Amino acid sequence: MKAFANVNPRDLKDAVAQLQKPNAVPVGGGSDLLGMVKEHLVEPDVLVHLRAVRGLDQVSNKGGEVAIGGLITLDTLSHESLIRDNYKVLAEAAESVATPQIRNAGTLAGNVCQRPWCWYYRNNFPCFKNGGNRCFSITGENKFHAIFGGGPSFIVHPSDTAPALVALDAKFRVTGPAGDRTIPAADFFALPKANASRENVLAPAEVLASIHLPKAARGVRSTYHKVLDREAWTHAVVSAAIVLEMDQAICKSARVVLGGVAPIPWRLPKVEAMLAGQRITPELATKAGEVAVEGANPLAKNGYKIPLTKAVVSRTLLSLA
Amino acid sequence: MSKISRRRFVEGTGAGLVATAVPLKGQQQGPATATPGVPRTTIQVTVNGTRRKVEVEDRWTLVEVLRDHLGLTGSKIGCDRGECGACTVLLDGKAVYSCSQLAVWADGRSVQTVEGLAKDGKLDPLQQAFIEHDGPQCGFCTSGQLMSAKALLNRNAHPTKDEVRHAMTGNICRCSIYNRYVESVLAAAGTLSASSGRKA
Amino acid sequence: MNTLNSVGHPSSRIDALLRVTGRADYTGDLRLPDMLYARVLRSPHPHARIRRIDLSRAQAMPGVKAILTRENCDVIWGSGDTRNQRYLFNNPVRFAGDAVAAVAAVDRHVAEEAIRAIQVDYETLPFVLDPEEALKPGAVEIQPGGNLSPNNRSERKPEVYSRGKIDDGFKAADHVFEDHYTSSHINNAQLEPRVAIAQWESDHLTVYTPTQGISNCHTEMAKDLKIPPEKVRIVCHFMGGGFGNKNQNHDFELMAAMLAKQAGVPVKLEFTRKEDFVSVHGRWPTKQYYKVGVRNDGTLTAIQLRGYSGMGPYRKGAGGIGGIEIYQCPHVERSVYPVYTNMAVSANLRAPDYPQGVFGLESLMDDVAYSLKMDPLDFRLKNMTRKFNDQVPYTSIGLEECIRRGAEAFEWKKKFHAPGEGAGPIKRGAGMAMGSFFSNMGRSSAVIDVDAQGMYHLHVGVTDVGTAAKTTMALIAAEELGVPLEKINVIWGDTARCPYSVGESGSRTTTHTGHAVVEAAKDLKRQIAEKGMPQGSDMLTASVNTNPAVVPNSARYSFVAHFAEVEVDTEAGHVRVIRYVAAHDSGRVVNPLTATSQVKGGATMGIGMALHEELLYDRASGTPLNAGYYGARVMTHLDAPEVEVLWIETEDPYGPFGAKTLGEPTIIPSVAAVANAIYNAIGKRVRDLPITRDKILGVLA
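Chains as they are written, first to last, in the numbering used here: chain A, 1 to 321; chain B, 1001 to 1200; chain C, 2001 to 2701.
One chain only, chain A, in its complex shape (with noise of 0.2 angstroms):
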């Protein structure tokens, strides 16, 4: 590895002030960054080990509002009862990510602000990621690369905690040099389109401190499936994120996003839409798999995620039924 100075921040002001040092570099559990190092993917003077700040690993519970420090664990998330009782499908999602190895060192800022595991970047291919102009997997080997939302490049967002996040209508809490600022989940995530290098809308020297959900409503049923591309640690070829607002047997509102299909966390709301006050019948949950795959654009090899994704809209969501 590169020789590089790893400096533990007091606090989060201290953090911030940290990375503004030049060719200084956030990590939280190291699982993904460290072997970015080694690739020479990312090649720091400074790595501001944030997990060094005390307090940035808590959930707490005001008035029903639950914030969860973004240097949490995984593992930690995936076993707290207030976040297994009320927002089940981000247990789930923490429980789905790699291995227990991972889990027990990978936080769930670090899992949120993963960068892209498409095989091009991550060989050094002077990609759209690496600083390059061009995405080598539109002609290349695109297997698990986007069907929604590509161009110009074609990543898939590799999270699992954020199509939870963005299902769960959750704010992100970002410091950084100019303050606090508060951005809707769904609002964090870029599309190449908006930045073709970066998946996020974090400014330099940024950091996502904490996480907020809103308060549980009552009847919510939410999970998280994931399709792995073995049993165990790879990320999502496709997953599905569902939150189920019920009555009794009638869906009140639906937020419908999935992972593994498009460079950020892809929300469904013409799904959503037909899901608000139906009774979720297979019939109705086989309809929401033909409309979710609606406007798929894949490419030469990836054309095998539309029935997939289909099959795995109507089955979470019947899961919730």
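Treat each hint with caution, since some may be false.
Stated by the list, open to error - Quick list of in silico lysine-lysine cross-link-like pairs, BS3-like style, CA-CA up to 27 angstroms:
#1 B:1161 with C:2415
#2 B:1094 with B:1161
#3 C:2291 with C:2136
#4 A:38 with B:1053
#5 C:2695 with A:287
#6 A:193 with A:301
#7 A:38 with C:2065
#8 C:2387 with C:2171
#9 C:2684 with A:2
#10 B:1122 with C:2695
#11 A:215 with A:62
#12 A:88 with B:1161
#13 C:2415 with C:2171
#14 B:1094 with A:38
#15 A:2 with B:1122
#16 A:88 with A:215
#17 A:2 with A:143
#18 C:2695 with A:143
#19 C:2165 with C:2382
#20 A:88 with B:1053
#21 A:143 with C:2387
What the hints assert, rightly or not - Which residues of chain A face chain C? A partial, calculated answer using Cβ under 7 angstroms:
#22 119
#23 140
#24 231
Since the hints were derived computationally from the structure, they do not count as laboratory data.
Note that the coordinates shown come from a computational prediction; the quantities given were computed from them, not determined experimentally.
Where a beta carbon is used, it is the ideal one built from N, C-alpha and C, also for glycine.
Please build the complex by placing chains B and C on the supplied structure of chain A, with the hints as guidance.
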């Protein structure tokens, strides 16, 4: 059931093996001189119950320090990328990939490695079960498998077969002897049912 | 079969304690005084001429002690290519991953920074990845003389085997079936990446290295370095697997030796996991065109195979496509073209010729059986081999029993159904396949000393790749000597202390070296009978070199039949292996505990080959994309089904106590069994490995 008892091993009576002339095993030893311009930090880590003070380059991973500077070569480096699990250790009781942790991040924390499993010359039940149920084949992944199993049994003394498989799924065995590892862990936990016992 | 005292009883490994306490010393765990660390610079291009290498920045870095390039190192790695001269550093470079330079420095980080500081001016050349493309006129020539690698007679012709007259076979057929299949380049992916330590003491070289065979490594090192064998010592105490890619000597050992020579101190050279994946070798990718003739009653009349194996740019492996010999058939013709390509090098991986060949063959045989409305199991019972190549009797054969008893344990009749039958999106299917593997006898050696305390010191040149070879040898010695296992000390893994052993490849150690152990034990018993047990500090020593041959006009083989049940999610394309039975005839089983482990492992590895593994290339740049355990989707705990193992212990008159070969047969039919089970489940055939989700959803669309 197996012919070689723990007693014999621990007491080191019957031989079984003669190791050939061995060079120094990774004992405590850093490079002769610090590489100029490379940031270093002195850290204190409790390793297998003993407090160790060591000066490290900030870029050194925990597994590098364990292996190259603290003489604990039981943890292996199979991929160095958090993909295989051969380097698994317990950090404050939780299984982590020590290739994916910087040593400086372990400052003030406690690390348990495979060398810390046996206590007072007595093998951990997991180690004994791994011997009897033929856990290791080439053995390179074994330390990591043991540490993931240890983390599991620490929090769940009587796991089911599925719980074992989930808890150990971050540990690749290319000899692919997963059946034996699961069998061993269940045996150590006393939950190996008659039906899943070895048929050999 | 008679019961023995030691052989045949489940025994824990004699080195198990070291393996579970972290005290087994693998090469990477060792350190010598003043040792340097080395790293290798590799070509990013699949084919390029090197115009110039600028070392100035690397040389100027503090801590850099030695650098090798083609300019100052013209060592030829003999076993790296059996047809061409392959240097440690080649120009032109012929695959992405070909070595360009090696650097030794005071620590691994400095070495790594130094290789990044080397500037190489490449002139890129056209490249070709696909073996059939590489044979087309106008394809870039990768080695002088063309891309068809010479056969065993040094002719630019395919390797051909035939018997009968293939055209007669097709004329005699009522039906002819034809299809083609492909298999991928997959990596051995043993957990331990390559690492070697080389140390010169005056003109005497010691290399600590994870090798599958200290003896052949020793011979090859001396030959390549042009030094007398007595000045080379190879040490391998423990090694973390190889599955065929740590046999003979390798470039990393030669590089470590040359760097150590230049630096004047010991050097430890380490490969990264990625290097181990792309720069060593994996299983050769193949294209297989099969044509089969069959009568209405299901009797085979002809089997024809034209196959292409992508060898990468160097001919390190044979490139065969095996399996046809498991069928009885009067007219057979097999032509296999080993072809140079600019992909990663291909060579041995557990049963090198077989799982991919058996996948193609057994897929087609399944289709033939289904077309004739025969149960595929009955089709195999009808057509399975009875004599080797229909001519030579086997010394023992338990294939029929493997099939029958395996089917019984698996409940074949209950699980097998018409292809694609069953309601609902999740479909189950049953598949089976069979195989055989050469279990020859051959040259090896053993030395046994007995001391006055009654301890027997067994010197054998094994390294134990994970097969429990040391324990196997100890059991064989204990059996023949008539002493408890505890009385056997095994001395292994050091050419200074061990005699020749065949090397742990070709699944030969139990038979070859095991036979030598039996003969040494017999000799020692004779000496004890004559002279009595030694007294005081005396010892008696028996030293034997054996080279037994199987009696003329007979063939010695192990046999196997595997049965898989899968669940295929037809909407998600997901496959799960839910039940697996492996029935093996390996003659007498020396250690049922560790032998059963081997079968479980081999079958599980084969399931991964069937469902997941493939080294993926970017076709535009000719570079690999998914090297590593994550990318290769190597089987995990959650992927591995319970593998049930059945032993069909035939009585074989040869080998130590009738033991036949085992390690490699364990993977031979596994890929095909899974593929056939998928077909049975969904009624559609995927002919290209691996059988991934996209392909399953593709054939179902």
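Consistency of the hints with the structure:
The hinted pair formed by residue 1161 (chain B) and residue 2415 (chain C) meets the criterion: a straight-line CA distance of about 25 angstroms does not exceed 27 angstroms. Annotation: proposed proximity of residue 1094 (chain B) to residue 1161 (chain B) holds, straight-line Cα distance about 20 angstroms (limit 27 angstroms). Using a Cα cut-off of 27 angstroms, the hinted pair residue 2291 (chain C) and residue 2136 (chain C) holds, with the two alpha carbons roughly 23 angstroms apart. Simply put, residue 38 (chain A) and residue 1053 (chain B) have alpha-carbon atoms about 26 angstroms apart, close enough for the 27 angstroms limit, and the pair holds.
Distance restraint check for residue 2695 (chain C) and residue 287 (chain A): the Cα-Cα separation of roughly 25 angstroms lies within the 27 angstroms cut-off, and the hinted pair is therefore satisfied. Restraint check for residue 193 (chain A) and residue 301 (chain A): satisfied, since their Cα atoms lie roughly 22 angstroms apart, inside the 27 angstroms limit. Between residue 38 (chain A) and residue 2065 (chain C) the CA atoms are separated by roughly 23 angstroms; this keeps the pair inside 27 angstroms, and the hint holds. Among the hinted pairs, residue 2387 (chain C) with residue 2171 (chain C) is consistent with the structure: their alpha-carbon atoms are about 24 angstroms apart, no more than 27 angstroms.
With a C-alpha separation of about 51 angstroms, the suggested pair residue 2684 (chain C) and residue 2 (chain A) falls outside the 27 angstroms cut-off, and the hint is violated. Distance hint between residue 1122 (chain B) and residue 2695 (chain C) is unfulfilled; the C-alpha atoms sit about 52 angstroms from each other, more than 27 angstroms. For the proposed pair residue 215 (chain A) and residue 62 (chain A), the alpha carbon gap of about 9 angstroms is at most 27 angstroms, so the pair holds. For the proposed pair residue 88 (chain A) and residue 1161 (chain B), the alpha carbon gap of about 25 angstroms is at most 27 angstroms, so the pair holds.
In summary, the hint linking residue 2415 (chain C) to residue 2171 (chain C) is not supported, as the alpha carbons are separated by about 36 angstroms, beyond the 27 angstroms threshold. Restraint check: the Cα-Cα separation between residue 1094 (chain B) and residue 38 (chain A) comes to about 24 angstroms, which is no more than 27 angstroms; the hinted pair holds. Pair hint residue 2 (chain A) plus residue 1122 (chain B) does not hold up; C-alpha atoms about 42 angstroms apart against a cutoff of 27 angstroms. The suggested pairing of residue 88 (chain A) with residue 215 (chain A) holds, with an alpha-carbon distance near 13 angstroms, which does not exceed 27 angstroms.
Under the criterion of a C-alpha separation no larger than 27 angstroms, the hint pairing residue 2 (chain A) with residue 143 (chain A) is inconsistent with the structure, at around 32 angstroms. A C-alpha spacing of about 11 angstroms is found between residue 2695 (chain C) and residue 143 (chain A), which places the hinted pair at or below 27 angstroms, so the restraint holds. With a C-alpha separation of about 22 angstroms, the suggested pair residue 2165 (chain C) and residue 2382 (chain C) falls inside the 27 angstroms cut-off, and the hint holds. At roughly 43 angstroms between alpha-carbon atoms, residue 88 (chain A) and residue 1053 (chain B) are farther apart than 27 angstroms, so this suggested pair is violated.
For a cut-off of 27 angstroms, the pair hint linking residue 143 (chain A) to residue 2387 (chain C) is broken: about 46 angstroms separates their Cα positions. Taking 7 angstroms as the C-beta cut-off, the interface hint given for residue 119 (chain A) holds, the closest approach to chain C being about 4 angstroms. The interface hint given for residue 140 (chain A) is met, as the beta carbon of that residue sits about 5 angstroms from the closest beta carbon of chain C, less than 7 angstroms. The restraint placing residue 231 (chain A) at the interface with chain C holds, with a minimum CB-CB distance near 4 angstroms, inside the 7 angstroms limit.
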